[in-house]
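Engineer: Sequence:
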Amino acid sequence: MTDTPRMLYRDGSAVEIWGRMVDTRIVSDAEELGEALASGWRLRPDRVDPLDHDGDGRRGGSLPRQRNRRP
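Each residue of the sequence shown is one higher than the one before, counting from 5 in our numbering.
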């Protein structure tokens, strides 16, 4: 089984995937894949950190919880 050719992603403006604007790149061999990953390309178009729940670039977080307010 081979990991190439493979499409890579980074934040950009070329195409919208999963609600995010990203640029895409296709690599043809393992060496090119390693170089691309080292320069910031990702294997998936989603957030870099899976613990960034609100998309602000930092781990954790969420939108403020709405409390039940009594009149």
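The set of hints was computed from the structure by calculation and includes no laboratory data. Every residue, glycine too, gets a C-beta built ideally from N, C-alpha and C. Check before you lean on any hint, since a few could be wrong.
Computed beta-carbon distance windows for the label pairs [unchecked claim]:
| hint | residue 1 | residue 2 | range |
| --- | --- | --- | --- |
| 1 | D56 | D27 | 17 to 25 Å |
| 2 | I21 | L41 | 31 to 39 Å |
| 3 | N72 | E35 | 38 to 46 Å |
| 4 | G65 | S32 | 34 to 42 Å |
Engineer: For every hint, state whether the structure bears it out.
Structural biologist: Hints versus structure:
no., hint, in the structure
1, D56 with D27: 17 to 25 Å, "holds, 20 Å"
2, I21 with L41: 31 to 39 Å, "violated, 18 Å"
3, N72 with E35: 38 to 46 Å, "violated, 57 Å"
4, G65 with S32: 34 to 42 Å, "holds, 38 Å"
When held up to the earlier numbered hints, the structure conflicts with 2 and 3 and fits the remainder.
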